[in-house]
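K.L.:
In case you want the letters, here they are:
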Amino acid sequence: MCNTCGCNVTPGNEHLVKGDGKLSTTEHGNESVTVLKNLLSENDRQASHNREHFHKNGVLAINLMSSPGSGKTALLEATVESLGNEFNIAVIEGDLETENDAERIRSKGVPAIQITTGSACHLDAHMVHDAVHNLDLSALDIVFIENVGNLVCPASFDLGHHRNVTLLSVTEGDDKPAKYPVMFRASDLMLISKSDLLEYLDDFEPEKAERHLRDLANAAPAMTVSAKNSDGLSQWFDWIRAEYNKVKLPEPGFFEHVNS
Amino acid sequence: MLRLHGNCLAKYWKTETVHELSVCQSTVSQVEEIAAKHSATGVSLIKLQIGPLSGIETTLLQQAFHIAKAGTIAEDARLEIEELPVRVQCKSCHTETDASTNRLVCSQCGDWQTTIISGDEMLLASIELIK
Chain A
1 MCNTCGCNVT
11 PGNEHLVKGD
21 GKLSTTEHGN
31 ESVTVLKNLL
41 SENDRQASHN
51 REHFHKNGVL
61 AINLMSSPGS
71 GKTALLEATV
81 ESLGNEFNIA
91 VIEGDLETEN
101 DAERIRSKGV
111 PAIQITTGSA
121 CHLDAHMVHD
131 AVHNLDLSAL
141 DIVFIENVGN
151 LVCPASFDLG
161 HHRNVTLLSV
171 TEGDDKPAKY
181 PVMFRASDLM
191 LISKSDLLEY
201 LDDFEPEKAE
211 RHLRDLANAA
221 PAMTVSAKNS
231 DGLSQWFDWI
241 RAEYNKVKLP
251 EPGFFEHVNS
Chain B
1001 MLRLHGNCLA
1011 KYWKTETVHE
1021 LSVCQSTVSQ
1031 VEEIAAKHSA
1041 TGVSLIKLQI
1051 GPLSGIETTL
1061 LQQAFHIAKA
1071 GTIAEDARLE
1081 IEELPVRVQC
1091 KSCHTETDAS
1101 TNRLVCSQCG
1111 DWQTTIISGD
1121 EMLLASIELI
1131 K
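Here the protein sequences line up with chains A and B, keeping their order.
First residue of the first sequence: 1, per my numbering; consecutive thereafter.
First residue of the second sequence: 1001, per my numbering; consecutive thereafter.
Since the hints were derived computationally from the structure, they do not count as laboratory data.
For every residue, glycine included, the Cβ atom is placed at its ideal position computed from N, Cα and C.
Fair warning: there could be bad hints in the mix.
To be clear about the criterion: a stretch of chain B counts as covered by chain A if any three or more of its residues have a C-beta under 8 Å from a C-beta of chain A, and this derived list gives those stretches [said to hold, decoys possible]:
no., region
1, 1019-1031
2, 1036-1046
3, 1050-1056
4, 1092-1104
5, 1108-1114
List of simulated lysine-lysine pairs, BS3-like, C-alpha gap at most 25 Å [unchecked claim]:
no., chain 1, residue 1, chain 2, residue 2
6, B, Lys1047, A, Lys37
7, A, Lys56, A, Lys208
8, A, Lys208, A, Lys179
9, A, Lys37, B, Lys1131
10, A, Lys56, A, Lys228
11, B, Lys1037, A, Lys37
12, A, Lys228, A, Lys208
13, B, Lys1037, B, Lys1047
14, A, Lys228, A, Lys108
15, B, Lys1037, B, Lys1131
16, B, Lys1131, B, Lys1047
17, A, Lys208, B, Lys1091
Model the full structure from these sequences, guided by the hints.
P.N.:
Structure, rendered in structure tokens:
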């Protein structure tokens, strides 16, 4: 939802913009001002600015979200190992504390900026902006933003990225999309991770997880992958290549649909 | 390493890790901006519209509002939250129906391919200014 095209005027609030216009006087003589702006307008403004940075440099930005411990960093390590020669990759890491994840990524020969959020439960567009200015975007093709491990808060904040990827590890339960609908509804890809553990679990069905995703009216692809034994990773890499091409050679209308 | 010092108000918040406080602070700064533009001396009412698919918990938002408004022009403002229902329109039978947050399928024909018409709002609807 944005503040420019009028999509924030819904049947529930259109009476506010009709009638006497934007300004009216209340019975107490106070002035009433109709605003109809997203509560996170400030963040959204910064996110658009970040997106411009990415576009100007032809960089694909992917926001990775999941519970803590679902394997985001391991997936990124495997991704860097396989695609490192094909793309110039950088990673922005979000954690409450420590530089551990950034160090893991750097040891693979890729620049990584660690944001430690202290008590904040999510990354926002301003934090990502600071991190972006510590990267040479002109020398990059793809920036992965590893959000704070949390299935609730990160979903509400646009970072200026192009695509949301949500990981769901097989040890978490296949009904996670039903439990955290806001996050999974916003996903452009659901990665069912740690599939190497599937043989030890009798209560996780990838098909069920996908059905829960469809119940959220989300047509995003669902892929089952393991960073440990590389199962299914080739389809994830193909997805990245396809998304990179969309940013590099955008079809008309592509940018309007990103995060709308 | 970029280290954020966070907002000092966060330490008074009993559960530090909620995003409703960030949302509230952003709302209050928008309100301050509008109030200044209209040369208001105070703000009496802030009206929001929130849908459950926005990811905002309205009870937490009300609590966070007391922290966020302190010391601002909106210090004495009341926060009114209108909670909007989840409604979807089916892409195949075009019917508009109510839905629940984790089941956004068409309740008429059962198709999962629907469009949200209401329920993901997170809007500052209007404010009342004292002049």
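K.L.:
Below or equal to 25 Å on CA atoms is what counts here, so check lysine 56/A against lysine 208/A.
P.N.:
Roughly 40 Å separates the two Cα atoms, so the pair is violated.
K.L.:
For the pair we were handed, lysine 1037/B and lysine 1047/B, check the Cα-Cα distance against 25 Å.
P.N.:
Within the cut-off at roughly 18 Å; holds.
K.L.:
Measure nothing beyond the straight line between the CA atoms of lysine 1047/B and lysine 37/A; if it is 25 Å or shorter, mark the hint as holding.
P.N.:
At roughly 11 Å apart (the allowed maximum being 25 Å), lysine 37/A and lysine 1047/B satisfy the hint.
K.L.:
Do the alpha carbons of lysine 1131/B and lysine 1047/B lie within 25 Å of each other, as the hint requires?
P.N.:
Given pair lysine 1131/B, lysine 1047/B holds - Cα atoms ~18 Å apart, limit 25 Å.
K.L.:
Lysine 56/A and lysine 228/A were given as a pair; does the straight-line alpha-carbon distance stay at or below 25 Å?
P.N.:
violated (35 Å)
K.L.:
Take a quick look at whether lysine 1037/B and lysine 37/A sit within 25 Å of each other, Cα to Cα.
P.N.:
holds (16 Å)
K.L.:
Do the alpha carbons of lysine 228/A and lysine 108/A lie within 25 Å of each other, as the hint requires?
P.N.:
holds (16 Å)
K.L.:
Within a Cα-Cα threshold of 25 Å, do lysine 1037/B and lysine 1131/B meet the stated pairing?
P.N.:
Holds: lysine 1037/B and lysine 1131/B sit about 12 Å apart, inside 25 Å.
K.L.:
Report holds or violated for chain A covering the region 1019-1031 of chain B, Cβ cut-off 8 Å, minimum 3 residues.
P.N.:
Contact hint for the region 1019-1031 of chain B vs chain A: holds, 7 residues under 8 Å.
K.L.:
Under 8 Å between beta-carbons, do enough residues of the region 1108-1114 of chain B, three at least, approach chain A for the coverage claim to hold?
P.N.:
holds (count 3)
K.L.:
Need the status of pair lysine 208/A, lysine 179/A: alpha-carbon distance at most 25 Å?
P.N.:
Measuring from Cα to Cα gives roughly 13 Å; hence the hint holds.
K.L.:
For the region 1092-1104 of chain B, does the count of residues with a C-beta closer than 8 Å to a C-beta of chain A reach 3?
P.N.:
holds (count 4)
Of the numbered hints given earlier, the model fails hints 7, 10; all others are met.
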